[in-house]
Every structure is written in structure tokens, then in C-alpha cells.
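Asks: These are the residues of each chain, in order.
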Amino acid sequence: MRVLVIGTEDMTGEHVVKLLADKQHEPVAVVGSQNKDSLMTKLGATEVVVMEAQNFSEAFAGCEAVIYLGAASPRTGEGKPILIDHQTMIASVEAANKHDVQRFILLSPLRADENESGGPGTIGGKNQAEELLRQEEIAYTIIRPSEPVEKPGSGKVNAAPSLKDEHGEIPKEDLASVLVEALDSRETFNKTFDVTSGDTPIREALQQL
Amino acid sequence: MSKMKKYLPAVLKGSAVLGTAAAAAYLYRKDDTQKQHSILRNFPLLGRIRYMTEQIGPELRQYLFQSNTEGTPFSRKEFQDVVKAGKYKERLIGFGSERDFNEGGYYIRNSMFPKLLEELRIDNSQKINTKVYEIDEEGLMSRKEHREDRQIDPYLLRDEDAVIIGENTCREPFRLKGLVGQSAMSYGGLGENAITALSKGLGLAGGTWMNTGEGGLSPYHLAGNPNIMMQIGPGLFGVRTPGGEFSWEEFKKKSEIEQVKAFEIKLAQGAKIRGGHIEGQKVTEEIASIRLVEPWKTINSPNRFYEFSDYYGLFDFVERMRDIGGKPVGIKIVVGDMDSLEEMAKIMKETGKGPDFISVDGGEGGTGATYQELADAVGLPIMSALPLVDEMLKKYGVRDRVKIIASGKLVTPDKIAVALALGADLVQIARGFMINVGCIMAGICHTNHCPAGVATTDPKLQDGLVVEEKQYRVANYVVSLREGLFNLAAAAGLDTPTKFQRKHIVHKDEWGRISSVADVTLNPEKVTEIREKEKVAR
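These protein sequence lines are chains W and F, in that order. By the numbering used here, the letter at position 172 of the first sequence is numbered 172, and the numbering carries on one by one without gaps. By the numbering used here, the letter at position 455 of the second sequence is numbered 455, and the numbering carries on one by one without gaps.
Next comes chain F alone, as it looks inside the complex (with noise of 0.2 Å):
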């Protein structure tokens, strides 16, 4: 016994040193004489460290050593504003803003005699019952908060002021007393728990809606009674035969739901100019009951509907649905080809047929799953697109006709009312919705292992998500963001965000060079005009 308690250290050690090397031995010798990766083959075991640094990269950057507003596509500063917005219904900031104001990009004029809050145009007389953080104390290693009650003003425009989608056209008009909705996401791409936090903190919000995504209306999209946009793509999911043709019978049981308000066909979304895609262990045999297609098989949907193939044959699609389901029918679309956009506008005012409301799409538009090809350079970016479509649907007189709902990255107030003086009449957000809900902007969505549960539909990730905590947030979260537009509705001396144009922001370039954008003409010939009399000039 004392024998062995005498060299018992000795051995331990000896075999930690022998297995070590051993082992770096072994991986030296595997690292040397592998035929993939060059690097190792030169410097064995060394290059392995590249390989690791450039693993944890990422996170490594995120945390350390970016900076607040580096970071794409949301800066730390943006990734927490849209929290603290939902966690604690808190915007102020201290000390400054941390924008970059040599950059180019677009600002509010403010008006010498801003509105006072009292003459502000808003119905607060629904209060909404809701939770929120308060921090005790600020430590090093963690924050010491508790949650609490909190009746809150839910800051919805006035009836009179309400956006009303298909006011002269459907049987039943979709009003709405907020400018701000929940983007499409569909059941699927995220997991239940997700979903149904998010229906139930938009239903309790209210004044908002929710955008199903083409994936289909599930019971978790009803759970929290909110208003559903349902979306239908090319795919059909929820809306088809079991040959994958459009089937009318099941448009019009879905167009019965009363919380189904309108639908949204796809053309187009601005991360992808393709068919949605899911992985065949996303497809439970949930999901594809909801979807109508075979479970565990990966779904690639159409890029485009085998329905029509130009603007004619989409309008009256359009007038079909219209009259079967009496609901407001919008189209989803990406802004690239103004040539395509000038048809469309004519043709709308040609047949005096045409969609109620056209989802504008940013080309940083966010998805689940998509190529880097597309994401990155297929359709132009919100606030370069939203100006087109309103100017082009203006200049054939159609523009009373429809309704514009802008989306990509507006997940904070003053990007809204930019959106909003740019053209847009309501606002959709998708990934700050994500995030209220526990996105940590991982990056993984397409492969079913999203650490915080949200774009997962695995159960085991999904535990992590708890629907009753993060209901609140996604309430707060809107709430917040309609009282922020009041604030900057009463800053430009308006009483509605509703009443945002052109002429109350203007853009500033890296040169400090201000232009209006107000006069700014977007009528593509008159562009090119300017264009070659600046080249002529010069």
C-alpha cells in the first residue's frame, strides 16, 4: 500500500506527460501525411491552430473585439437596442449617440416647434397588462434584476388615423391602429415555442399583425389570437392539393379563420430569389400535415408559381382570391428591375385590376435558408427601393390603391419613420422579433441547431425557450416601437407617424452633402437625364 501511494504521483504524471505526447505524436504524424489541407501538411499540429482561432472567430469578434456598432447584419448596438426595447421597454441612452455620423445615410428634420406630447394624436384608452425587467443592481459577473408587472399606454394610432388595407375593394378591409407587424416566419423554419411566443405577444400588443410565412397557418400562429397575414408561396404549403396544385377548397376554409385578415402571395423575398427551402429534418409529421406535403423529406419550393407567369395572369389570381376569401390580397416583391415595376403600375392602372397592399422587401432582407450568391446581391436594398415602387405607383395613379409595407433591418424607430417618410404606409420586422424571442444572431438557422431554440424545431433546443418569459418582450418590443414613432413624429411636428413624407428627412452622403429627398425625382428617365448631364458637366 505505501509502495503504491509512494510512486502513485510519479506515474500519474509520467503517463499524463507520455499520453500527451503520445497523442501529439500521433496527430503530427496524421497532420503530416493527410493529402487535404496544405497548411497542415507543411506545419503539422501548428496549422491546427489556425484552424481553431478561425473556428471561434466569430464569437471571439462579437464579444471582444468589435466594437458596439461593428458587426453585421446587426451591430451589438443594434442586437441590444432591439432587446432592451423588449426586456426592459427602455430606449434611453446616455451620454450620446454612437452613430457614425461621417457615413452616409438618412436623417429626421426636426421641426423648430415640435409637437408637445399632449397634442399627439393617440388612443391610449386600452391599457395592456404586461411584464417587465427592473435591474437591482449592475454586477461584473451578472446583473441582478427582477421581473415585474407593468400597466403600459399601447400608444395605437387614433381610428380615424387607422391604415386600412382593401378599404374599397373586400368585403372585409384589414384595419390597422399600429405601423408595425411581425414579417413572415414561418412554422418550421422556427420551432413552436417560438411561434407561439411570438402570437401571443403580438395578440397581446395589439394594433399589429403576424405574417405566417409560407409555411402554412399553425395552431401555434392562432395561439395568441393575433391579426395573421397568411402568406402563400410558390410552394403552397397549407393551400394545396396532394398533386401540389393551388387548391381553392382549402383557400377558402383558411380565408374563413377570422384571424386570418389577408393574404400575401410571394413573389419574391428579399434574401432569396428562389423557393423556400427546408431541411428534411426540419419536416416533422406536424409541420407536414400543416404544410400539406410528406414528412422528413427536404422541401424545395418552386421559385416561381406554376399559376401565372406575368403581371395579367397575377392579377387576376389576385381578383380570384379576393372574391372567394373577401379579404385584402397583397404580393411580396423585390424591388431589381424598374423596367418590371413600370409594367406593373401601368397594367394595374390599365385593367383597374392589382393587389391591395405590396410587401417591399430590402435585399437585407433576412431568411432562414438561402445562398450566399442571393442574399448578398439579388434586389436593391429597403431604402433605395421603397422611393421606386411609391414614385412609380404615383406616377400611373394607382397609389391610393394600395398599401406598402416595407421590410428589411427596420427594427428600430428611427429606421421605421425613415421607411415611412420614404414611402411606406406600415412596417414589418422579422429578425428583431427573432430576437426578442431569444435569437443570439448565431448564424445557423438553416441547420435546425439554433442554441437559443428559436429556429429550431427540436425539442431539446426548444426547452430553452420559454413561451411565458419572452411573450412580454415581443409585446414590449412592439409597444416600444409605436411609442418611439410618436417621439419622432412629435420631433419633425407631426401628430401621427402616419403623416411621415419625403420632405421630413433628408440624406446626407460621406461628404457631408446634404440632398433633399423631397425634390429628388425617382422617375428612372429623368435619372438618366441627370446622369448624362453630370457627365456632360464634367
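Here chain W stands alone, though its shape is the one from the complex (with noise of 0.2 Å):
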């Protein structure tokens, strides 16, 4: 499968290209600098995209699904913050919208233990993305995690639609696994599930859901 990776600056990125090559899918990855190209073809990316908004939404024709890691913005450099996008975000859902993917997977910047309904964390516009999927005609996975860190992934997870741990992390290895083994996950298809390190297998994780 072609798959479009959006946002891989960050490790969770990476693994997700390297993990894609290695499931034979061909990942695309959008990138904020040439510099990053031999970094993505190395990870084994089978075409990498420049990010420039002319091109932006051509970088979707041809792919079957769309991996957005929404917490990291293809704007943002290794050296800035990590920046929420939200239009980059909303620009995506309309592109795979025109250009007719089938799948599209979020790495919610939500967190799993972010209250959606206000409170004492405000979300400002965090989930405005997430609406619009939710509108759309596609297969649409929206993934929220607890901390991501970085250590190595052990495998297993857990994954519900609500998970009450306010102080739980997930390994960006195990995150990567997740957003890969959901692209074709029937039980994923069109739910909004909370993830964090856990005790189950990530598969079967998934399909428990």
C-alpha cells in the first residue's frame, strides 16, 4: 500500500516509515527540509516529499492511506517545539478528500488523558482536525496516546476508546507500531481509541477494540 507519511521529524515519525518498509507497504514522507531525504530513503521511504504548499496536496494523488502524526507538524525543524498545526492538519483531510485515500490514520495531538468537554485543560483547537475527519467519506482512525517517550517498544499496549491514565507513557516505537497495525485493522476503521503501554499484544490489541 502507498501510504503518505505526514510528520516525521520526530522518532515516532521514523519508525513509522522504517516499520511501513518493512511490512512491504511504500512509504511517502513529507519532509520539512532536503536534508532529511537521505534520512528517509535510508529508513527506507520509496519517495520523499519536500514540504512547500504548492505541492502539499499533489503528494497525496496516488496514495491509498495517509498517516498524519498530528503532534508533529512537518513545519516543525528538529531544532524548533514541536508545533500543533492545525492548518497543515485540516489542509491534509481536505486534500486525501479530493485526491480520494481511502484510509486515514491520526496520531491525535490530543492526549489520552486531555478532556475533551473543557476543564482545567483547555484543549483550545486541538480536536478541530478530528471533527473534520469524522465528516468525511473516509476510513478514519483517530489514535490519542499517553506520553510518548523515548525507549524502546516492548510490543504490547493498551487501547480503549477511554483510558483513565493520567500518568501512563508509550514507548514512540510502540506508538509507530500502533499507527502501522491500524491501517489495516477492520476494527479500527472510524473510531477515536485511547493508547498507552500496556500488556497486550499491539495486534490483538487492536482488535479487542
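Hint data in this document are derived by calculation from the structure and do not stem from the laboratory. Any given hint could turn out to be false.
[As the list claims (entries may be wrong)] Listed next, the stretches of chain W that the computed footprint assigns to chain F, with coverage defined by at least 3 CB atoms under 8 Å from CB atoms of chain F: (1) 21-35; (2) 38-47; (3) 171-182.
Cβ coordinates follow ideal geometry from the N, Cα and C atoms, glycine included.
The task is to assemble the complex, starting from two chains supplied on their own in separate frames and drawing on the hints.
Replies: Right, here's the structure in full:
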């Protein structure tokens, strides 16, 4: 499957590209700077697209699926803080729709412990793209992780529509596996769920949703 | 019973006082009459205090009285920088540098427009799974901390930036995607736990290498599957016949081992222009079998190879090794004699032969055991030696045929960057790695009593060194150095540390005068010429 990966600057994104290549998919990596080309190719990207407004939408053409890592905007350089870029996210959903992409996996910028209905932690516009995505005709999956950490993956997670795990964390390697596994796990289609490090093998955890 | 209870305390007190007095009287008499120490004869008993304080002085100074930046060979600050890089994978400091900016030294010329992190030419495609310590609470008497898993970027060079040793001369050139390796440390000088921890850590970090030291290739060196550079000293350990001659058969066997990537002929070492020395009590049966020598006998290697006595002989020997082994062959030298250096370059040009790499060890280099006079006085320090070698090889047009590997207290990224700028292609470290497997700089490597279980083959002392724990520190240290090098390269406006040149550093002397290192000609004749002119001017 030709899969467009947006948000490759972070370790999670790097793992996603590598996992897709390992599973014989064709990852197309969107990067912020030309210099990232070599790393993405090394990880197994079939094609590398440098993020520029004019060709951004065209990158979706011919792709069957999109994995969008919402917490890491393609405009976020390595040296810059992680930006949550609503505009790119919304533009991506629109472009996916336009180019007839069948599958859209969004790594939500909303953390598993963030309250959607307001409360003390206001979520700003973080959920705008999610709302838009739910209205489109695309088979979507929205994944809200606990805190992603740079630890080796264990291959095991907990996934549920709502997890009450305030101090949870998930290795970025595992998070990437969840995103890639969700691609063809029918159980995750048109669902929003939380995920954190746990004790169920990833594939199984997704099938139980 | 009651009587005994009544008098017991008094008797105990009495005997304690009497006993002490008797001991004092005995020692007083002993000191007074002995003929060895004049201080004790003149000041019996009291003179012993001098001995005791002198004995524990180094420890007192190290822990209580010396400032952070004092102390040799490594100051407390340098020691801690090395430990923190391995233990916490941390190099951040607060409030500012502790370096003495009045002293002379090299500084990196920062670019007004440094490279962005995303512009650097790094290969981070293969992550490393390691473990680091996290501090929970810093207390007065203890520190609460725990170790946790961490997935880290390896900070390797891009494939196209890799340093290749023996690219045009060997059947199997040695490709390196990192600039920092572990310098020569023998099994025997270090115990199996230390060597195993180093091997595993270096294997985990990748893009680096492990030099076996002249003590032969042991199974512990191979334990973690790192790249191996096998050193051959005049003792020919591991590649000798029972009669003590070079065994081409043994050499061929060693060169067929996949992990062995290169050979290094040790002509000299910074701390000693003499053969290696290892006490008989360190030479166990196992060590003897690895080195192909007799057990329990003190080994003193000759201080020169019997196989050759000039550059022509050496280069022929190198040719033959390369021919039989198919792998790069280098030499390890200490720079002192510039005429000899020039002769080497000249013969390299003339014959078209020569080593694939030259390891230049500074006079400040370390060792497990040597004599004070050799360690302190023989050979130039690395920062002075490097440009000489670099310049001399360029003068004869043979610089592109060899890689220069520098060593000598280059334990932090800044020192490594300066060495790279002064002419090194690669850098190797020994003591920085020892510190990461537990060395506390006790300075008794030659005794087999190393308290940290590093430089000892004593199983009891080695029990203190846990391989599983230390291996991660070794890996973290290498990666941290590589990361630091990229940081400095970026600051100097370079996208990779392989591009450091002399123009990227300056030297400031103790009077604040700046001299460019780039346009200083290091041609010895020119230097003499300049000196003559200065004399006239004065």
C-alpha cells in the first residue's frame, strides 16, 4: 500500500516509515527540509516529498492511505519546538478527500488524558481536525496516546475508547507500531481510541477494540 | 559477682590506658632506635603523623581540597564530565564554564551563522536501545536515582561521509561511520569484566572500534561483537612462535576473524618508549594462552621489533601483513624526532609504500605501567604533534594515503574537535572508557590491586564491576561524544565534524594574544627561520 506519512521529524515518524517499509508498504515521507531526504530513504521511504505549499496537495495523489502524526507538524524542524499545526492538519484532510484517499490515520495531538469537554486543561483548537475528519467519507482512525517517550518498544499496549491513565507513557517505537498496525485492522476503522503502554500484544489490542 | 561488676569498668578503663601507653612507649623506642628514617629518630612517634598525612594526602586533596579544575591527570571536573556522559548521557552545565580562560589553549571559531540542527549530515536511521540513570532526589549523604530504558539516536556519519581506512590498498578496507574509538587496552592489563563491558558497550554503540592493545585478541574483546583493531607490539603477543618470532600463520588466523578490521603495529606509546610491562601475578594461565607466553612470569617486551630496524624494513613488513591479511595495517607512533618524521614521509613518497593509518599518541597518553622518566619527558603532547605529522605528510604529498588517529587525554567532545581540526581524521580514547567502566583514578594500575576492578585480573576485585551495568555507560559515552562533535561542528558552521580544519580553531596564549593555527607553517625549517628572525628583532 502506498502510504503518505506526514510528520516524520520526530522519532515516532521515523519508526513509522521504517515499519511501513519492513511490512512491504510504500511509504512516501513528507519532510521539512531537503537534508532529511537521505535519512528517510535510508529508513525505507519509496519517495520523499519536501514540504512546500504548492505541491503539498499533489503528494496525496496515488496514495491509498495517510498517516498523520498530529503532534509533529511537518513545519516543525528538529531544532524547533513541536508545533501543533491545525492548518496543515485541516489541509491534509481536505487534500486526502480530494485525491480519493481511502484511509486516514491521525495521531491526535490530543493526549489520552486531555479532557475534550473543557475543564481545567483547555484543548484549544486541537480537536478541529478530528471533527473534520469524522465528517468525511474516509475510513478514519484517531489515536490518542499517553505521553510518548524515547524508550525501546515492548510490543505491548493497552487500547480502549477511554483510558483513565493520567501518568501513562508509551514508547515511540510502540506508538509507531500501533499506527502502522491500524492501517489494515478493520476493528479500528472509524474509531477514536486511547492508547498507552500495557500488556496486550499490539495487533491483539487493536482487534479487541 | 557483684565485686566483679563493681571493679570491671575500672579495670577495663585502666587496661585501655595502660595498653595505649605501653604501645606508645614501644613505638617511641622503636622509632628512636631505628636507623632508616631521620625524622623518626629525631621526633619519635610524632614523625609518624607526617607519614600518615602524606599517605592519605592524594585522597584528601582529590575529594576535599583541590578545586574542580585542579588535579592530574584528569581534574575532578574532567572526570565528572566523562562519568556524566556515560551514566546520565548528559553534558548540560549551569551558570557557565569552569575553564581557566587566562590560560593558553585552543578555542573553536564559531560561525556567525551556525548550521541548524536539521541541516547537519547525521545518520540516525538505526536507533540504539540503552539504559540511562535518572535522578529522583539529590540528598546530602546519598542520591536517589533509578535506571531506565532509553532509545537514543546514534549520531553516526552519513554513508558518504564515512572515514575509510585502506580504501585503495586493501582487499577489505575499514569503513567507519563514527570518529571516536577505544584506544589500546590489553586483556591482562585490564580484567575480563572490564574488557567485556567495553566490548559490549562499543558493539551496542556501533560506528566505533576497539583496540586490543598489544596483549593479544581475547574472547572478551570479541564478546560484544565490536569492530576490532588488533595491536601488535614488539612482544608479538598472540602472533608469535614459541621461540618468540613473528608467526605469519598465527597472524593469518587472526586476520581471518571477521570482527578484526585492522592491525596496528606499535612502534611507540605516549607514556613509554619501551616495551610493555606486566607483573607476573597478572599473567594467569588464560592470559598466557592468549598471548602465547609462559604463565606467572613477569613480561617485559623488547622496546623495538626485531623484525625491522628502519622505515624500509617496516614498510616491507606492513606490505606483507596487508598482503596476507587483506586488511588495513597502521603504525602507532609518538612524535619527538621531526627529522625521523620527515624521513618517514620521504620514504613513503619514494617507495609508494607505507601504513594505511598512523596512530599518533601524545606524550600525555596513559599506560598501565611505565617508568616516571619515560611518562613525563619522552614525546610531544598530542596537540603539538598532530599538526607536525599532518604537515609533514602533506609536504611529501602522501597525506591522502593515510588516516591519522589521535590519542592523548581527548576525553570530551571539545578536545576531540580540536584534535580533528589540527589534523586528525579519527580519535581514540582509553582512560575515558576506563572511567566509564568504574575507574576512580586510584593510579595503581601496575599493582593488580585496582579498587574498581578495572585494571586487575583479581576475581575478588573484579566482582565489583558489573558488566551488564557498565556496558550501557560505555555506549552512552561514545554516542554522547559523537553528539557533542555534531554540536561543535554546527557552531563552527559545518554540517559534519569530518570537515574540521585548522582554520576552524584559534590558539590564545596566556597573555591573551590570538594566533591563527591555519597560517602557522609547521615546516621545521621555517619554524627555525621564524625563530631566528625573532631573535634578530629582539
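Asks: Could you run down the list of hints and mark each one as holding or not?
Replies: Structure-based check of all given hints:
no. : hint    : result
1   : 21-35   : holds (count 3)
2   : 38-47   : holds (count 4)
3   : 171-182 : holds (count 3)
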